[in-house]
Amino acid sequence: MPAMAARTARSSDTADFAATVTAAIGGDESAFAALWRGLNPSLLRYLRVLVPGWSDDIASETWHDVVRDLHRFNGDEQGFRAWLFTIARHRALDWKRREAGRPATPVPVEYLTDHQASDDTAGVALDALSTAEALAFVRSLPPDQAEVVSLRVLAGLDVAHVAAVTGKRPGTVRVLAHRGLRRLAAMLEEPPR
Amino acid sequence: MNEPRIPTEDREPLPALDRVTAERLLDGRLDGGCLPPAYAAVRNLLQAARSPALPSELAAEAAAVAAFRARPLIPTRRPRVLAKVLTVKAAVVAASALSVAGVAAAATGSLPGSGDRPTVGAAAAAGSPTAQPAGDLDRSARLALCEAAAHRGGSAEAKPAAAALARLAGGAGAVEAYCADAASAAKPDAGRGPDAAGAAKQGLCRAAAAGEGAQHGGKAAAVAFEALAQAAGGPDQIKAYCAGPVAGHPSTAADRPGPVIPSAAAPTENAGDDARPTDLPSVVPSVVPSPSHPRGRP
Numbered sequence: 001m002p003a004m005a006a007r008t009a010r011s012s013d014t015a016d017f018a019a020t021v022t023a024a025i026g027g028d029e030s031a032f033a034a035l036w037r038g039l040n041p042s043l044l045r046y047l048r049v050l051v052p053g054w055s056d057d058i059a060s061e062t063w064h065d066v067v068r069d070l071h072r073f074n075g076d077e078q079g080f081r082a083w084l085f086t087i088a089r090h091r092a093l094d095w096k097r098r099e100a101g102r103p104a105t106p107v108p109v110e111y112l113t114d115h116q117a118s119d120d121t122a123g124v125a126l127d128a129l130s131t132a133e134a135l136a137f138v139r140s141l142p143p144d145q146a147e148v149v150s151l152r153v154l155a156g157l158d159v160a161h162v163a164a165v166t167g168k169r170p171g172t173v174r175v176l177a178h179r180g181l182r183r184l185a186a187m188l189e190e191p192p193r
Numbered sequence: 194m195n196e197p198r199i200p201t202e203d204r205e206p207l208p209a210l211d212r213v214t215a216e217r218l219l220d221g222r223l224d225g226g227c228l229p230p231a232y233a234a235v236r237n238l239l240q241a242a243r244s245p246a247l248p249s250e251l252a253a254e255a256a257a258v259a260a261f262r263a264r265p266l267i268p269t270r271r272p273r274v275l276a277k278v279l280t281v282k283a284a285v286v287a288a289s290a291l292s293v294a295g296v297a298a299a300a301t302g303s304l305p306g307s308g309d310r311p312t313v314g315a316a317a318a319a320g321s322p323t324a325q326p327a328g329d330l331d332r333s334a335r336l337a338l339c340e341a342a343a344h345r346g347g348s349a350e351a352k353p354a355a356a357a358l359a360r361l362a363g364g365a366g367a368v369e370a371y372c373a374d375a376a377s378a379a380k381p382d383a384g385r386g387p388d389a390a391g392a393a394k395q396g397l398c399r400a401a402a403a404g405e406g407a408q409h410g411g412k413a414a415a416v417a418f419e420a421l422a423q424a425a426g427g428p429d430q431i432k433a434y435c436a437g438p439v440a441g442h443p444s445t446a447a448d449r450p451g452p453v454i455p456s457a458a459a460p461t462e463n464a465g466d467d468a469r470p471t472d473l474p475s476v477v478p479s480v481v482p483s484p485s486h487p488r489g490r491p
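As they're listed, the protein sequences go chains W and R. Take the first sequence: its position 106, counted from the start at 1, is 106 in this note's numbering, and no numbers get skipped. To convert, count from 1 in the second sequence and add 193; that's this note's numbering.
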């Protein structure tokens, strides 16, 4: 079950999700696989925004922690997502601290938009925006905004859970997300030539 | 999704984005076409960002499941109780090494009139190197032991538990009373009836008597003595106290009719249930649930 479907039909999936988590805690491999399939794409995308180039490794570390502590989890789907992304976030921050000495090599969004420009107009390119390109746009936001937008959009967390994951106040989360959207709009409106 | 093309010239500053629209954009619940073009483009971007899973994003499933399969086995409730029993057994073995056999009962048993200080003896005993493991024998451990002995009936596995109980209670005949004592003490409102005190008193008196004979009874014997003195109302009252019958319990504990051990099992189960919510929040409100190392930090 793709994560996206789970997000749009959240309420009807609540019971299913609870049953799946319970089964996974009980050791059911197929239940764990279902959880993994539902959440790993979102997790990878979030990590691609936070730590491009290391998303696979950190996602793997994150799932390791999830497997280790799964028996302690007790909550609903949003709670599970919040838990998963909290682990991922701290893993990513750990990695950033370890790599603090190294120069960062972010993918500049201009690189992507330059390529888009080869297709007649920006509008054509935007209609066909790939997931990777969309993530590159999000990643080009200031870090606070990029993270909040990622958690809201990619992780599918509501404001309260994003606040819990990031340790920010809900009002701050709203403002950062709002600014992120405006900034994205500005970038999309005037793609650099 | 066919959206209006975005003209890139003559753009005015971005139109305002109201809060409701912003939240709906972020939630992915905006399907109407009433967005300003700039935000329609944002919506497309966010849709692309949350597109269905790509094959590359699911490629590691086998590895993830393999890691799940290889996880260390998690102790569940039943093994936790067994682990506790094993701890008790170890404690009992250590306690039996003491020269004064009845001291374990004294160190762990409740004393008449001191129901509000149930662990005073155990805590003091823990100060002695030889008696240290006896500090583990709190009420829940005693209940676990009683439960183990009861549940396993006459099986071979029950023997260590039964033997340990006999040593703790001061004799096989006192086991029932000992377990009843532990069970009643585990109930929050249960007053400390004289019945339940019987086994503890016998053990204490035996321990004190044994300690008298020795030149130095050791700290454990001293603990028994002190506890007994407290119960009797003073050190000089101990002999009279011990010479008297067990209060309100003229017959011996072993004569008491009816099985009492099964009743001890219920509080243990309840204690297990009560323990769960303390480490596991059952709901996850605005706070993230508690993985053991949520921050992944050292």
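Keep in mind that the hints were calculated from the coordinates and are not lab data. Certain hints may be false.
[To be verified] A partial selection of chain R residues facing chain W, derived with a Cβ cut-off under 10 Å:
#1 Leu218
#2 Ala234
#3 Glu250
#4 Ala256
#5 Val258
#6 Gly366
#7 Gly427
It should be emphasised that the depicted structure is a prediction, and the values quoted were computed from it without experimental measurement. Yeah, the Cβ is synthetic: ideal placement off N, Cα and C, and Gly gets one too.
Results of checking the hints against the structure:
Annotation: interface hint on R:Leu218 holds; nearest CB of chain W at approximately 6 Å, less than 10 Å. For the restraint placing R:Ala234 at the interface with chain W, the shortest Cβ-Cβ distance is roughly 4 Å, inside the 10 Å limit, so the hint holds. Checking R:Glu250 against chain W by beta carbon gives a least distance of about 4 Å; that is within 10 Å, so the hint holds. A cut of 10 Å between beta carbons decides the hint on R:Ala256: the least distance to chain W is about 8 Å, and the hint holds.
Hint on R:Val258 holds. Least Cβ distance to chain W is approximately 5 Å, under the 10 Å limit. The beta carbon of R:Gly366 comes no nearer than 42 Å to any beta carbon in chain W, farther than 10 Å, and the hint placing it at the interface is violated. The interface hint given for R:Gly427 is broken, as the beta carbon of that residue sits about 51 Å from the closest beta carbon of chain W, more than 10 Å.
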